[in-house]
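Please model the entire structure based on the sequences and the hints provided.
Here's the letter readout for the chains.
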Amino acid sequence: MHDMMHGVLGLYNYWIVIILMMTGFYTVIARPNLVKKIIGLFIFQTSVFILFISMAKIEGGTAPIISEGARIYSNPLPHVLILTAIVVSLATTALALALVIRIREAYGTIDEDDIHVQDEAA
Amino acid sequence: MLSAHLPALQVIVPLVSAPVCLLLRNPRHAWAFALAVSWVTLAVAINLAVQVHASGTTSYALGAWAVPWGIEYRVDMASVLMILIITTIGAIVMPYSWRSIGHEIDKKHLQLFYTCYLLCLTGLLGIVVTGDAFNLFVFLEISSLSSYVLISLGSGRRALTAALQYLVMGTIGATFILIGIGLLYMMTGTLNMADLSQRLPVNADSRTIRVAFAFVTVGVSIKLALFPLHLWLPNAYTYAPSVVSAFIAATATKTGIYILLRFFFTVFGISFSFEAMHVGEILMLLASVAILVTSLVAVFQDNVKRMLAYSSIGHIGYMILGIGMATTAGVTAGMVHLFNHAIIKGSLFLAMGCIFLRLGSVELSDMHGIARQMPWTMAAFVTGGLSLIGIPLTAGFISKWYLVNAVLSIGYWPLAVLILVSSLLGLIYIWRVVETAYFQMPGYKIRKLSEAPAALLVPTWLLIGTNLYFGVNAGLVTDIAGQGAAVLIGQGVP
Chain A
84 MHDMMHGVLG LYNYWIVIIL MMTGFYTVIA RPNLVKKIIG LFIFQTSVFI LFISMAKIEG
144 GTAPIISEGA RIYSNPLPHV LILTAIVVSL ATTALALALV IRIREAYGTI DEDDIHVQDE
204 AA
Chain B
52 MLSAHLPALQ VIVPLVSAPV CLLLRNPRHA WAFALAVSWV TLAVAINLAV QVHASGTTSY
112 ALGAWAVPWG IEYRVDMASV LMILIITTIG AIVMPYSWRS IGHEIDKKHL QLFYTCYLLC
172 LTGLLGIVVT GDAFNLFVFL EISSLSSYVL ISLGSGRRAL TAALQYLVMG TIGATFILIG
232 IGLLYMMTGT LNMADLSQRL PVNADSRTIR VAFAFVTVGV SIKLALFPLH LWLPNAYTYA
292 PSVVSAFIAA TATKTGIYIL LRFFFTVFGI SFSFEAMHVG EILMLLASVA ILVTSLVAVF
352 QDNVKRMLAY SSIGHIGYMI LGIGMATTAG VTAGMVHLFN HAIIKGSLFL AMGCIFLRLG
412 SVELSDMHGI ARQMPWTMAA FVTGGLSLIG IPLTAGFISK WYLVNAVLSI GYWPLAVLIL
472 VSSLLGLIYI WRVVETAYFQ MPGYKIRKLS EAPAALLVPT WLLIGTNLYF GVNAGLVTDI
532 AGQGAAVLIG QGVP
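As you go down the protein sequences, you meet chains A and B in turn.
Under my numbering, the first sequence is numbered contiguously, ending at residue 205.
Under my numbering, the second sequence is numbered contiguously, ending at residue 545.
These aren't lab readings, by the way, just hints derived from the structure by calculation.
In this text, a Cβ means the ideal position worked out from N, Cα and C, and glycines have one as well.
Wrong hints could be hidden among the right ones.
[Unchecked claim] To spell it out: a stretch of chain A is covered by chain B in this simulated footprint if at least three of its residues, at any positions, have a beta carbon under 8 Å from a beta carbon of chain B; those stretches are: (1) 143–152; (2) 190–203.
[Claimed, not checked] Chain B stretches covered by chain A per the calculated footprint, using a threshold of three residues with CB under 8 Å from any CB of chain A: (3) 57–65; (4) 232–238.
[Unchecked claim] Not the full set, but computed from the structure, chain B residues with beta-carbon under 7 Å of chain A: (5) F185; (6) E192; (7) S206; (8) R208; (9) L211; (10) T212; (11) L215; (12) M220; (13) T222; (14) L229; (15) P426.
Written out as structure tokens, the structure is:
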């Protein structure tokens, strides 16, 4: 029992990743409001960043800067990868929001169902 | 001296050109610049192809950082096929773009359009040249983000919603790929594809690797619009500007298929992908459904661009069917069709662009008798259509011939019947256009139209000519595809 609890709780970073990922994914699928959809998409991407960052942690490891007394360092490579991925995600979000502004100008709404109704009517 | 840096130049030339293009204030200069860059990348691609053909797979350490710590660019025959597709289409579409896109968007913004086009070109070329899994993700996002912008430039507000829909699905797909790459890194500690393929077999029997495989497969399948993950594609192709439809239809989904090939055969290895994970059966099943269902749906479309989009999903099915067989003949057939479908669909979308320029619509109901006023455009469409169906002497026939042979060689004859049935469906949807354009009385509006300008017709017919040439002399394409397939399957020179 203790081992099982340790196994479940010891992997808490993965639980956070999974909960965030599913929250974001559900928001993308279920919300008709386009801005909320984009927020969901951003949360979804962020969960993956946490997955990468948490895999860089090494038990007892310190920040990857050479210093007196430190012998074990965290792996800096996932940090660097995620810096790139954050830039990508930022660009995606900015572009998506720009598109939403244009959609609102063209349709007068940011509700996916209303847009669908207008497209069908046209 | 320069020839040693060809793999890097292939990507860096369009990458560096993009911000330069942004600074050009005069739209005509921006166009001329983008045109020159497209031709330079084609020249680089041809040189690179000759080099790889002569001396085998080329590895290039970017910034001279030793592989596998630095990023490796790795060009083998499979990459060569893709580089040739992308740069050829780019070089042919660019001369066409001036009259076509100049008509569809404000001239003031043209330099932005060409900047996005160059970034898209960079991303697509980067994907096929790189040998690093994370680098591939970054290039994938460069090409995707710029193609969302390009699609959103279409006339009419539905282009905006189509672009956003593609953005949402594309980002989910790319994030899935990122998860897969992260899990692979977690298990192996490397991102270099060749290195991954060495280290994966040791860990192959773990759940993490299997999950990584699933994430990558689903993520890439969204990107390449594998049925039933194709929902973004019809709207994106229909509402994008004509030039963008032609360019994206001919290159973007093809690059997705290349990523799938790379991961299945190079990274995970054929025995893990097809024996342990049974992905071949799944792919062949989905491909068969795609071929049949989307050909049927295409028959009932009134917008010709939407019809071509559905037909594209069916043809992606053909390629996936070939790959799913995981035999040299199957993968060769898939890759031959990769090339042939790019030139066929490119030319069909270009022909539709000619019609859109003059008519302002590509709805069948507006196109009655248009062949009398625009004979050259419609002749191009019919020739491309025949190739799409797979009539002998066209490139499409070569693809179908290879595919049917590959299917028969493993004894799956019902699939050969399926291919024939869907070709008949292809005949029906192409015939609907022919019937409307040639055998209906033109209305008042149509009679005032004139033939498309030479600036549009020449590139369209150049692509049609390529199509007919490779229908008769298929040797070049089948050679490259065959060698590419051999390298992927692991029987060729490494």
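Tested hints:
no., hint, result
1, 143–152, "violated (count 0)"
2, 190–203, "holds (count 3)"
3, 57–65, "violated (count 0)"
4, 232–238, "holds (count 3)"
5, F185, "6 Å, holds"
6, E192, "5 Å, holds"
7, S206, "12 Å, violated"
8, R208, "4 Å, holds"
9, L211, "5 Å, holds"
10, T212, "6 Å, holds"
11, L215, "5 Å, holds"
12, M220, "9 Å, violated"
13, T222, "5 Å, holds"
14, L229, "5 Å, holds"
15, P426, "33 Å, violated"
Checked against the numbered hints above, the structure violates hints 1, 3, 7, 12 and 15; every other hint is satisfied.
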